Amino acid sequence: MSLQFLADGLVAGATIGLGAVGVTLTYSILRFANFAHGEFISWGCYLTLLLAGAIGAWASASLAPLGALSIGPNVLAAACAAMALTGLLAIALDALLFRRLRRHGNSITAVIASFGAAMALRAALEAIFSSRPVYLSQELQIAIRVGGLRVTPDQLALLGLAVVLVGALQLLLTGSNAGRSMRAVSENPALARIVGIDVANVIRLTWFIGGALACAAGVMLGLVVQIRPTMGAELLLPLFAAAILGGIGSVPGALLGGLIVGLAEAGTVQLIGAEWRAAVAFIILIAVLLLRPAGLLGRPT
Amino acid sequence: MSAPSLGLRVANLQAGYEPGAPIVRGVSIEAGRGEIVTILGPNGAGKSTLVKAIAGTVPIESGTVTLDGEDITARPAHRMAGGGLAFVPQTDNVFTTLSVADNLKIAAHGLSAAQRRARFTAMNELFPDLARQRGLAAGRLSGGQRQMLAVARALIVVPKALLLDEPSAGLSPKVVAELFDKLLEIRAAGVCIVLVEQNVRAALTIADRLYVLVEGRNRLEGPKRDLLADPEVAALYLGGARTSTAATLLGTGP
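Just so you know, the protein sequences line up as chains A and B, in that order.
Following the numbering used here, the numbering of the first sequence begins with 1 at its first residue and continues without gaps.
Following the numbering used here, the numbering of the second sequence begins with 1 at its first residue and continues without gaps.
The shape of chain A in the complex, shown without the other chains (with noise of 0.2 angstroms):
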């Protein structure tokens, strides 16, 4: 049996992973589960290209490869760019949308919201840019052998940073004031005002980070797979099986869920059959729900 999907699967299930940390510190923060969230990943990476021809045209040398990579640095300048402007784009739909929501209506309001949301970001992607299919890199990649299997330079580039950014916010959430806070209006926003913090402030920093990731996870996509305003979308099952799996509000658990979730679906393409691919989220997370509620690295309430 070759073990070659354990490559391609940690790929996958780290941008699922990634993805996951955003629904998971929303669903942890905000209570509800954001099915925009996709929506996210798509734009990160299209404002991600959209930036990279941008700084290519003003600056030609960008273009060429970094070293082994398969892209330049105005590839990885404009991803830090567009995170910062996803993350943007989600405190601008919730200030729009999910806030006024907050006020008065329920969880299910919120969901029923994202849902519309999801679709209004999506044809506004297809408006922009139609949906032919585009391309982050058009450069061939020679395959590496690292112990019997073969991977690219850009497949270990991206396992790095999805474990550098999620290492990072872990870091964030359990070591900084920022993150005592997001801990701490997650469990009990009342509270969380008598004690002083800024409970709107740490709703924007949700958004914020769980944007920039998603485009994280978007570029990371974006590499893998063709660009189409419907790639966010097509995850978001994925996404909700990983964060599930990995326990609601549990940084490391999306991780986690996401690095299961991907090598399952991958393992199942090359083992089963491509057909059952999109089944493999869909049974983890009936599975989790019947066997662990709380999931791998949740608590029980």
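Think of the hints as simulated: they come from the structure by calculation, not from any bench.
Every value quoted in this text rests on a predicted model; they were computed, and no experiment measured them.
Among these hints, one or two may not hold up.
Stated by the list, open to error - Some chain B residues near chain A, calculated using beta-carbon distances under 7 angstroms: (1) Ala77; (2) Asp92; (3) Thr97; (4) His109; (5) Ala113.
To be verified - Which residues of chain A face chain B? A partial, calculated answer using Cβ under 10 angstroms: (6) Arg102; (7) Gln138; (8) Ala184; (9) Glu187; (10) Leu191; (11) Ile194; (12) Val195; (13) Gly196.
Ideal Cβ positions, reconstructed from N, Cα and C, are used throughout, including at glycine.
Following the hints, position chain B against chain A.
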């Protein structure tokens, strides 16, 4: 111009969760620095709503709240602690998933590093039990320790006024006595303490002055000694055992 009086002053406060349906209907109270004022009243009198409105967590319809002469009526809840008014809610008053140390740190984010260290040292001295359990998740503390942690957390900002909503609820008499000993130490530091209590006997042991609310309005007020002699208070709270209980509480019993 008259000098602003120190402490907490609430004038004609009207407040409630729903607009047009006030639960607190024109209450006025005063609590000076270094004074423990207790709010008593039957269930539904609006005692809890009153302290929540003062702390900014229940909307105020009219009236004013001033602290050391400064009007804080419209101040949002999250800026109260930094401005010197700390509140300990009755339930869910610690972050159970955070450690004891993090519960204290979270209240200190507006302080400088030096102030923070000084406050943590002060709290470790005032609450040595908590200092020993600083790494433990607050959810694993006993009820009494949680209440101590909630009070310690409120004191981190060196408040001018401390509001407590039924801190003795669910605690054993021994633990209540310990908690009230701490409140006396805090009072001695010049903090103005407003205490809502159902446990009248416990409250009477430490109150300097009392207010009795009924149906959202002031009913009676005055120093402990005067109120204990009041037949209405006796009828409302001390049952038939008026004379003996009052005498015990006043320390004038046989």
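Hints the structure fails to honour: Per hint list: 5, 6 and 7 violated.
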